[in-house]
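Here are the chains, one letter per residue:
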Amino acid sequence: ETGVTQTPRHLVMGMTNKKSLKCEQHLGHNAMYWYKQSAKKPLELMFVYNFKEQTENNSVPSRFSPECPNSSHLFLHLHTLQPEDSALYLCASSRDNDNYGYTFGSGTRLTVV
Amino acid sequence: AQKITQTQPGMFVQEKEAVTLDCTYDTSDPSYGLFWYKQPSSGEMIFLIYQGSYDQQNATEGRYSLNFQKARKSANLVISASQLGDSAMYFCAMREGPNNAGNMLTFGGGTRLMVKP
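Note that the protein sequences, when read in sequence, are chains A and B. Per this note's numbering, the very first residue in the first sequence carries number 1; after that it's consecutive. Per this note's numbering, the very first residue in the second sequence carries number 1; after that it's consecutive.
Warning: the hint list may mix true and false statements.
Claimed, not checked - Computed list of lysine-lysine pairs in DSS-like fashion (alpha-carbon distance at most 27 Å, straight line):
(1) B:Lys-3 with A:Lys-41
(2) A:Lys-18 with A:Lys-52
(3) A:Lys-41 with A:Lys-22
(4) B:Lys-3 with B:Lys-116
(5) B:Lys-116 with A:Lys-40
(6) B:Lys-3 with A:Lys-40
(7) B:Lys-116 with B:Lys-16
(8) A:Lys-41 with B:Lys-116
(9) A:Lys-36 with B:Lys-3
(10) A:Lys-41 with A:Lys-18
(11) B:Lys-70 with B:Lys-116
(12) A:Lys-19 with B:Lys-3
(13) B:Lys-73 with A:Lys-41
(14) A:Lys-19 with A:Lys-41
(15) A:Lys-40 with A:Lys-52
(16) A:Lys-40 with A:Lys-19
Unchecked claim - Listed next, the stretches of chain A that the computed footprint assigns to chain B, with coverage defined by at least 3 CB atoms under 8 Å from CB atoms of chain B:
(17) 88-96
(18) 101-107
Simulated from the structure, these hints should not be mistaken for laboratory data. Being a predicted model, the structure only gives us computed values, none of them experimental. No residue lacks a Cβ here, since even glycine has one placed at the ideal position from N, Cα and C.
With the sequences and hints as input, model every part of the structure.
As structure tokens, this is what we get:
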């Protein structure tokens, strides 16, 4: 366990469903991130939250909606997804002056059918 | 333009031998950090090693070392004495700017390393 926990580990959803991915960390980190990892593509940054404030939205479609109620929890709300949204969604956290970069969760493998 | 380039999609190495995974980067920021992560089939990204742009010496962490050539903008990962458990995807990443939380990492496309018994 890295200290960053993502649930669920696997998710299959239809294009009309609404679901949420959850990430939590109790490492005392103040920044949290969502990344998307598709097959044969580099990791793509989706959202950045620093002290609960969204500081980056990397041109992500509105069918992905993040929520960060506090520095320890991060959600990604999903609705009306497309099959091409099938991917591994990785959550990460970090803090100032930490040379370890990010601490990642194990990811949620999402399949949209 | 790609900020992080990993030119080797796949590599084989014999168990107990050393292997070098290539990474080149592109930035005009004088302050940056370079990272290597390992991703086994389970999906988790595991931090391996870090090199700061102002660090004078190459970083080392156990069997991992980073061959940092600043003028060439390369940050190759060297794994000594490969083990079967080293088989995984390896990602090079860069943070541009100071080491503050919220500064994003940009990742390369990864190299799949396969260790042969």
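How the hints compare with the structure:
1. Under the criterion of a C-alpha separation no larger than 27 Å, the hint pairing Lys-3 (chain B) with Lys-41 (chain A) is consistent with the structure, at around 14 Å.
2. For a cut-off of 27 Å, the pair hint linking Lys-18 (chain A) to Lys-52 (chain A) stands: about 23 Å separates their Cα positions.
3. Only pairs whose Cα atoms come within 27 Å are accepted, and Lys-41 (chain A) paired with Lys-22 (chain A) is accepted, the gap being roughly 23 Å.
4. A distance of roughly 31 Å separates the Cα atoms of Lys-3 (chain B) and Lys-116 (chain B); the hinted pair therefore is violated under the 27 Å criterion.
5. Distance restraint check for Lys-116 (chain B) and Lys-40 (chain A): the Cα-Cα separation of roughly 23 Å lies within the 27 Å cut-off, and the hinted pair is therefore satisfied.
6. A distance of roughly 17 Å separates the Cα atoms of Lys-3 (chain B) and Lys-40 (chain A); the hinted pair therefore holds under the 27 Å criterion.
7. Between the alpha carbons of Lys-116 (chain B) and Lys-16 (chain B) the distance comes to roughly 9 Å, so the proposed pair stays at or under 27 Å and holds.
8. Under the criterion of a C-alpha separation no larger than 27 Å, the hint pairing Lys-41 (chain A) with Lys-116 (chain B) is consistent with the structure, at around 26 Å.
9. For a cut-off of 27 Å, the pair hint linking Lys-36 (chain A) to Lys-3 (chain B) stands: about 18 Å separates their Cα positions.
10. Between Lys-41 (chain A) and Lys-18 (chain A) the alpha-carbon distance is near 26 Å, which keeps this suggested pair within the 27 Å criterion.
11. Taking the CA atoms of Lys-70 (chain B) and Lys-116 (chain B), the gap is about 32 Å. The hint is violated against a cut of 27 Å.
12. Between Lys-19 (chain A) and Lys-3 (chain B) the alpha-carbon distance is near 33 Å, which puts this suggested pair outside the 27 Å criterion.
13. Distance check on the hinted pair: Lys-73 (chain B) and Lys-41 (chain A) sit about 22 Å apart at the alpha-carbon level, within 27 Å; holds.
14. A C-alpha spacing of about 24 Å is found between Lys-19 (chain A) and Lys-41 (chain A), which places the hinted pair at or below 27 Å, so the restraint holds.
15. The suggested pairing of Lys-40 (chain A) with Lys-52 (chain A) is violated, with an alpha-carbon distance near 31 Å, which exceeds 27 Å.
16. A threshold of 27 Å between alpha carbons decides the hint, and for Lys-40 (chain A) with Lys-19 (chain A) the separation of about 25 Å falls inside it, so the pair holds.
17. Counting residues of the segment 88-96 of chain A whose beta-carbon sits less than 8 Å from any beta-carbon of chain B gives 6, enough to reach three: the coverage restraint holds.
18. As drawn, the segment 101-107 of chain A meets chain B at 7 residues by the rule of a beta-carbon pair under 8 Å; at three or more, the given contact holds.
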